[in-house]
Amino acid sequence: MAIDHYVTLSVLLFCIGVLGVLLRRNAIIIFMSIELMLNAVNLLLVSFSSYLSDTAGQVFVVFTMVVAAAEVAVGLAILVTVYRNSKTTDVNVLNKLKW
Amino acid sequence: MMSLVCLVPLMPLLGAALLGLFGKKLTKNTAGIIGSGVILAAFIISLISFFNLKAAKPEIINLFTWIKAGDFKADFSFQIDELSSLFMLIITGIGFLIHVYSTAYMHEDEGHNRYFAYLNLFVFFMLLLVMGSNYLLMFVGWEGVGLCSYLLIGFWFKNDAYNNAAKKAFIMNRIGDLGFILGIILLFITFGSINYTDVFQSANKFASGETAIICITLLLFVGAMGKSAQIPLYTWLPDAMAGPTPVSALIHAATMVTAGIYMIARSNILFSMAPFTMEVIAIVGLVTALFAATIGLVQNDIKKVLAYSTVSQLGYMFLGLGVGAYTGAVFHVTTHAFFKALLFLGAGSVIHGMSGDQDIRNMGGLKKKMPVTYITFLLGTIAISGIPPFSGFFSKDEILANVYAHNKFYWLLAVIGAMMTAFYMFRLLFLTFFGEFRGTDHQAHHLHESPKAMTIPLIILSVLSVIGGFMGIPEVLHGHHFLKEYLAPIFSGSQIVAMANHLTHETEYMLIGIAILTAAVSIYYAYDLFAKKATIPAAENEELKPIHKLVYHKYWVDELYEKVITKPYNWISDISYRFVELRFIDAIVNGTGTLVNRTAIALRYIQTGSIGFYIFAMTIGIALILLLTLI
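Line by line, the protein sequences are chains A and B.
Numbering of the first sequence is given in my numbering, commencing with residue 14 and proceeding in unit increments.
Numbering of the second sequence is given in my numbering, commencing with residue 29 and proceeding in unit increments.
All clues stand as given, with none of them false.
Chain A residues, not near chain B, derived (Cβ > 10 Å throughout):
id, residue
1, Ala15
2, Tyr19
3, Val24
4, Leu57
5, Leu58
6, Ser63
7, Tyr64
8, Val74
9, Met78
10, Val79
11, Glu84
Stretch by stretch, here's where chain A covers chain B in the computed footprint (C-beta under 8 Å, at least three residues):
id, region
12, 631-640
13, 643-652
A short, non-exhaustive set of chain A residues, derived as facing chain B with CB atoms under 8 Å:
id, residue
14, Val31
15, Leu35
16, Val104
17, Asn105
18, Leu107
19, Asn108
Simulated from the structure, these hints should not be mistaken for laboratory data.
Every residue gets a Cβ at the ideal spot worked out from N, C-alpha and C, and that includes glycine.
Taking the hints into account, I'd like the entire structure generated from these sequences.
The structure is reproduced here in structure tokens:
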């Protein structure tokens, strides 16, 4: 398979992720959308790595996954706390931090 | 051996530090001993180094690199040669006597210990000035003595008039210093170095009368005008009498005002290459000498007379420098240090006896009550009047002879100035020590000879004033000019100018004769007027004749400066404050603050707290950044 298929797929995934972040209200879904974007980039890294026969890209993928996992652990903990306090995960309701 | 010399400036600095830091815990006697002791130590070391001096080559002691930036390099190093050695002896020697004298003079003063700290610091800076091996180090000393003069003139700072005198001295000097520092900068630009040795060596490459050299020397001379009180920057010196009398002696005899002479003598090679500047110096010196002498004729304050006499004598020194008589000028600095210190300390002794009164109209007849003061003062007066074989005669004669060779008209004016010197000095002497006592009964009852700590320095100085001239007897009197021989290496580079002044023996005899005759006539005239006829200068409220009034009020120069410089300056400052400062500078500064504040207030509304909006803004932002980097 040619490389551009992978690129197209990853761009699509990324755009879906961006739209998800922008349009959804549920914080958990936003989170998942971010994961989607990260994975789109991961996919791109793996395909280029294989295409160029350079392992550096795959090392980066592992890197990204580790960071993403750590982020999810922290992010979900925050979300759970937010939910306990306000009984919602709707980001539009969570607007206490304004002027 | 030579590294011992580093202790010379260190001793007074140590003294100043000790007295300054622990002055409040020390008794007056301890402070006096420390203050005088460190100067004595410095004097002894100066003497040792003076006798160990090796001829022909200046000794340079490099302590450390002080400033280094690009091509510019200034070392903290001392240059010990004939000229600096001589000045070190004058500063520490005369300085020591003045310190000893001060222990008695200032004993009742509550600021006694503070006074000695300042005095030590003064000596330290002056030593730095003469010992430094480059112009920048000289400038440090130059500024330092300016600071110390400010501290000491305003020593009795509770009196506003004294504070104003201190400020005046400081500001006048600052004007001169501006010229001096510009001169040093130009010097560096021209020669690429500020070390004396480098500058004087590469000076040969320039032609005589080169514009750069003329500019440098003129700027340096502006500095000398301020420090050595020449027209038009002289008015601070008479006002500097506000300080304690020994301070006046120190400023006038051993330090500060001789700095200008030292600087020009030090840079004699540069100045010799700028005939135009030399002429300017000669004229300024001559005009100052005459001008100040006329003011001295009618002053009634014992210290003011001496102050104008200093200005006048400094004028003679500059006149000497201007005609290339460098040795003569340095010679006159030396003898002047002896007799002017003597005269000031003598005046201090009189003031001490008079319970603080300085007006010679209230004195008279002090001869019997204060015999030591009288005799020493008389010797000093004879010395300054130029009667042989007292010291002032030889040095003044040497300058006058050189002036005669240079320009006969200058000489004539200089002789008239010398006549006036003899007249006002003897007027002072007769009014103070002869006739009947004119003060109050209380003062008459209190009159007494000063303590030993004051009279012994007077006696030593009077001996020096009498015999000091023998270090430079002119060839025509079959003497040996030790000083000329001694200073020859310093002035060898500029000998061409000095050589031009050669007179026949007959002419020199005639000049000497005229000098003695004119002095004798003035003295007789003064004797006739003030001792025989016992004329007393007019009281303060009496109406004077117009010319007398003009001179008595010092030609209204201070008032002129007030009108021409101070008033417009204040006016400009006021305008600048009201328009430039408030409307412009303040507006910019405050405007910046207000702008940030307003912007923040406006942007605050973007912070809605809506996460969706934040993310949207972030995404747009990232997209924009990516887009911009792609472009």
